[in-house]
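J.: Sequence:
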Amino acid sequence: MEAPAMARKAFVVDQAMRAKVRHLAGVGVRQDDIAKIVGCAPKTLRKRCREDLDRGVAEANAMVSGCLFASAKEGNVTEQIFWLKSRAHWHEKNVPEDPVARGNGEPDSQVVLVLPDNQRDPELTQALQSAEQDALERYFARKSRR
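Numbered by my numbering, the letters in the sequence shown go through residues 191 to 336 in order.
Be careful, since some hints might not be right.
Claimed, not checked - Derived lysine-lysine pairs resembling BS3-like cross-links, with alpha carbons at most 30 Å apart: (1) 226 <-> 263; (2) 199 <-> 226; (3) 237 <-> 226; (4) 263 <-> 275; (5) 283 <-> 263; (6) 199 <-> 210.
As the list claims (entries may be wrong) - Quick list of the computed label-pair ranges, beta carbon to beta carbon: (7) 265 <-> 198: 53 to 63 Å; (8) 275 <-> 219: 37 to 47 Å; (9) 268 <-> 218: 44 to 54 Å; (10) 268 <-> 240: 29 to 39 Å; (11) 265 <-> 310: 18 to 28 Å.
No lab work stands behind these hints: they were computed from the structure.
Cβ atoms here follow ideal geometry from the backbone N, Cα and C, with glycine treated the same way.
With these hints in hand, go ahead and build the complete structure from the sequences.
T.: Given below as structure tokens:
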């Protein structure tokens, strides 16, 4: 005659168990590992302690957010940048390696900036006109090659 199968011991969830599950979930322990620690199957843990799992993670996130915010307010630039990127949706723009590039992708070796001339310095006026003329000649020389 076979021995009768033993019934599983009931998994009892009390306040101490709930607090333990919230704590473990909050510090980032995986649910499968929490189940091993408290002595139940992962499916049972999720069924019986769903609110505690979610609440533990939410409370931990709130605590870390508060610390991050306080540190950012105190002047921690790294945390200020992180906050603005993650919460205020700030982002960095990609800057090309050569900030002075032509629209067609060819880098330009020189930039000529033509300033308004007030005619007060004849030497400056002549230099500006010469530079402008040189720039125009180079531009049209490239245009004619295409």
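J.: Next, verify each hint and record whether it holds.
T.: Here is what the structure says about each hint:
1. 226 <-> 263: Given pair residue 226, residue 263 is violated - Cα atoms ~41 Å apart, limit 30 Å.
2. 199 <-> 226: holds (15 Å)
3. 237 <-> 226: Holds. Residue 237 to residue 226 sits at ~15 Å (cutoff 30 Å).
4. 263 <-> 275: Status holds; Cα separation ~15 Å.
5. 283 <-> 263: Judged against 30 Å, a Cα distance of about 25 Å means the pair holds.
6. 199 <-> 210: holds (20 Å)
7. 265 <-> 198: 53 to 63 Å: At 56 Å between Cβs, range holds.
8. 275 <-> 219: 37 to 47 Å: The hint (37 to 47 Å, Cβ to Cβ) is violated, given that residue 275 and residue 219 are roughly 28 Å apart.
9. 268 <-> 218: 44 to 54 Å: This hint is violated: roughly 22 Å between Cβ atoms.
10. 268 <-> 240: 29 to 39 Å: holds (36 Å)
11. 265 <-> 310: 18 to 28 Å: For residue 310 against residue 265, whose Cβ atoms are near 47 Å apart, the range 18 to 28 Å is violated.
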